[in-house]
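S.K.: Kindly produce the complete structure, drawing on both the sequences and the hints.
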Amino acid sequence: MSQWSQVQQLEIKFLEQVDQFYDDNFPMEIRHLLAQWIESQDWEAAANNEAMAMILLQNLIIQVDEQLDRVSQEKNLLLIHNLKRVRKLLQGKYHGNPMHIAVIISNCLREERRILAAASMPVQGPLEKSLQNPVVSERQRNVEHKVSAIKNSAQMTDQDVKYLEDLQEEFDFRYKTIQSLEQNDKNSALIKQEMLALQAMLNTLDYKRKEVLSKIGRVIHEIDMLMSNMLTEELLDWKRRQQIACIGGPLHGGLDQLQNCFTLLAESLFQVRRQLEKLDELLTRLTYDGDPIPVQRPQLLEKVNFLLYNLFRNSFVVERQPCMPTHPQRPMVLKTLIQFTVKLRLLIKLPELNYQIRVKATIDNNRRFVLCGTHVKAMNMDESANGSLSVEFRHLQPKEMKTSAGSKGNEGPHMVTEELHSISFETQVCLYGLTINLETSSLPVVMISNVSQLPNAWASIIWYNLSTNDPQNLSFFNNPPAATLSQLLEVLSWQFSSYVGRGLNSEQLNMLAEKLMGQQVSYNDYQLSWAKFCKEHLPGKSFTFWVWLEAILDLIKKHILPLWIDGYVMGFVSKEKERILLKDKPPGTFLLRFSESNLGGITFTWVDQLENGDVTFHSVEPYNKGRLSALPFADILRDYKVIMADNVPENPLKYLYPDIPKDKAFGKHYSCQPNEVSKPSDGGGKGYVPSVFIPVSKILNDSTEPHSPSDLLPMSPSVYAVLREHLSPTAIETAVSCKLSHS
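Numbered by full-length UniProt numbering, the letters in the sequence shown go through residues 1 to 743 in order.
In short, the hints are calculated from the structure, not lab data. One or more of the hints may lead you astray.
Unchecked claim - With beta-carbon atoms standing in for the labels, derived distance ranges:
1. Asp-382 to Asp-280: 34 to 42 Å
2. Leu-434 to Asp-160: 18 to 26 Å
3. Arg-141 to Met-28: 20 to 28 Å
4. Asn-203 to Thr-362: 54 to 62 Å
5. Met-28 to Glu-74: 15 to 23 Å
6. Thr-362 to Lys-557: 29 to 37 Å
No experiment lies behind these values; they were computed from the predicted model shown. Glycine included, each C-beta is placed from N, C-alpha and C at the ideal position.
M.R.: So, in structure tokens, the structure goes:
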């Protein structure tokens with residue numbers, strides 16, 4: 001079943017979540033019509049490879065054209081209209097930046113997988129629940145409402161300033177008219193009446209000046225309160241959501257909404273600034289005793305400038321954290337001399353700033369590392385599909401400097417993966433007489449010199465972003481805090497949903513919890529130390545919990561991904577639990593689980609029944625990546641043979657737990673059907689008989705465990721059938737036993 005088919009079967013509350021991240025950037029119609037094709041492409045790799053992204057974009061347009069031809073024949077007017085609109089969108093919006101559509105589609109697919117994983121969980125995880133707090137959603141709506149109200153108030157004040165300007169011009173005209181009269185005319189009753197009218201006008205001017213200044217003060221106060229409270233909280237929440245998304249959590253939306261709020265507030269502040277400049281202009285033409293402008297205007301202008309400084313400083317954010325294109329799902333882990341990408345955005349989107357802001361990237365302050373490549377670029381609105389004012393560095397490389405002794409610091413296999421560094425960015429904004437210096441930094445990154453260090457480095461990134469919302473605590477691992485086990489388990493499930501397409505259910509998480517903390521009744525409030533997660537060896541083992549788990553992720557990704565996505569690999573189940581599950585099942589029922597003693601190993605256990613009615617269990621020695629590289633796991637399950645005491649080889653695997661026929665579960669993943677293999681008489685290439693590997697084990701009377709599955713006999717099913725016609729079972733057993741004795 002395709003991922004999109006699974007999505008469509010979700011409950012309405014999960015479908016509403018899916019609806020939130022499909023918009024005009026990537027319409028849901030295309031996701032629906034091209035579901036299988038979209039899921040078969042590597043969008044994650046294309047998101048960091050421009051040439052590959054361009055090819056995929058062109059192929060996507062071709063797919064849309066084919067759908068357009070189909071619906072044109074069906075005369076589906078609405079769909080024809082929508083597909084033409086989508087085609088125009090793809091050609092116009094993404095032609096100059098094809099990687100952006102790859103990022104969007106990759107994120108959508110990843111978010112679908114996360115929602116599917118969440119739907120399989122009996123309850124929502126604590127971290128995800130906190131990110132979907134209804135109080136937060138209400139605050140977001142309040143912020144947008146207040147920003148809109150402030151913008152309207154600033155525009156209304158513009159009208160008041162214009163009225164004040166008109167009133168003062170009328171006063172100036174009438175006053176100058178009287179001043180131009182002869183002295184005799186000034187003493188007339190009519191002129192005296194006019195002077196009284198002018199005094200009334202001056203009183204009105206004074207009242208309107210005070211009123212305008214009061215309204216400007218209220219607008220400034222509203223902006224100050226909004227920035228100090230709700231907007232700051234919104235920005236911090238977005239940064240926290242970004243942290244969680246970086247370690248596999250829900251996608252962090254809301255940056256466009258924040259940009260809209262920041263931009264409207266900046267426009268309002270500049271509008272107020274112009275109003276204060278207009279008042280200064282009016283002041284130079286007319287002032288009087290008790291004039292409020294010279295008293296209040298300097299304070300208000302100072303406050304406006306202060307708010308603009310703070311608004312700009314907070315608006316400079318890292319939109320996409322540093323990430324190597326070769327490892328898109330392991331952001332913030334950077335390898336020396338390998339390029340990484342990072343994207344920044346200024347949330348104040350003003351046309352006057354396009355190509356006017358040059359951003360410089362640096363790393364740390366201790367001079368241990370330097371950045372090679374283009375590290376100064378201008379922000380612009382042309383590279384981003386949504387027109388945001390942003391800049392993306394795509395060719396930066398960290399390089400470790402030589403020490404005074406002439407050798408590099410920790411370069412090599414022993415580079416410390418708990419040492420945190422920071423990529424910093426600085427720029428300067430010059431606008432309307434203001435000069436504002438801006439600085440921001442990435443989340444802490446870990447430097448490695450060898451890919452073998454990546455698993456432990458990624459563990460450091462997970463622990464940091466799970467445990468703290470401090471964006472710059474580079475000394476975090478001097479005394480790393482414990483983590484709540486319930487939150488850690490949720491993050492571990494995200495590793496599976498984001499990296500291998502399917503998260504973990506409650507039973508699988510329970511097994512991991514027991515492995516981390518032993519037999520505990522409840523783990524909701526259990527605190528787990530960093531050492532126990534990543535530094536201390538598991539009891540009786542030569543590796544840590546994280547190394548064991550990371551090896552399983554690698555095994556799934558490279559060798560059993562389709563089986564895992566289909567949900568046929570139970571995986572995380574103890575030997576004790578698997579026997580409880582299988583004991584009441586028919587003989588031949590089996591399940592697949594990951595080895596607890598072998599790194600990156602997978603085994604299967606089946607239940608059998610002895611002649612006296614007793615139940616027995618058989619577990620095959622775990623298959624590792626070496627064996628699975630030679631033979632697909634689905635084919636192993638299909639062809640696996642056991643030679644019992646009566647020397648009759650048979651496949652003991654009948655039903656995948658709980659009761660799914662084996663071929664129904666794995667049939668679509670078989671590389672070929674055994675009965676399609678040629679007989680010896682058919683001949684093979686250059687006279688050779690075609691062959692396949694068949695895994696064979698032997699079970700003795702006094703053993704419940706089969707021999708090692710490393711005995712992959714180069715024998716096709718048809719050859720085996722011919723041998724049975726010419727050789728006795730004893731002869732075959734002798735040959736197999738001889739093979740076993742040398743394995």
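S.K.: In this structure, is the beta-carbon distance linking Asp-382 and Asp-280 contained in 34 to 42 Å?
M.R.: holds, 37 Å
S.K.: Is 18 to 26 Å right for how far apart the beta carbons of Leu-434 and Asp-160 are?
M.R.: With a Cβ separation near 25 Å, Leu-434 and Asp-160 satisfy 18 to 26 Å, so the hint holds.
S.K.: Given a hinted range of 15 to 23 Å, is it respected by the beta-carbon distance of Met-28 and Glu-74?
M.R.: holds, 20 Å
S.K.: Given the hint of 20 to 28 Å, is the C-beta distance from Arg-141 to Met-28 inside that range or not?
M.R.: holds, 24 Å
S.K.: Go ahead and decide if the range 54 to 62 Å is satisfied by the Cβ distance of Asn-203 to Thr-362.
M.R.: For Asn-203 and Thr-362 the Cβ distance comes to about 60 Å; the hint holds.
S.K.: Just tell me: holds or violated, for the beta carbon distance of Thr-362 and Lys-557 against 29 to 37 Å?
M.R.: holds, 35 Å
Going through the hint list in order, the structure satisfies each hint without exception.
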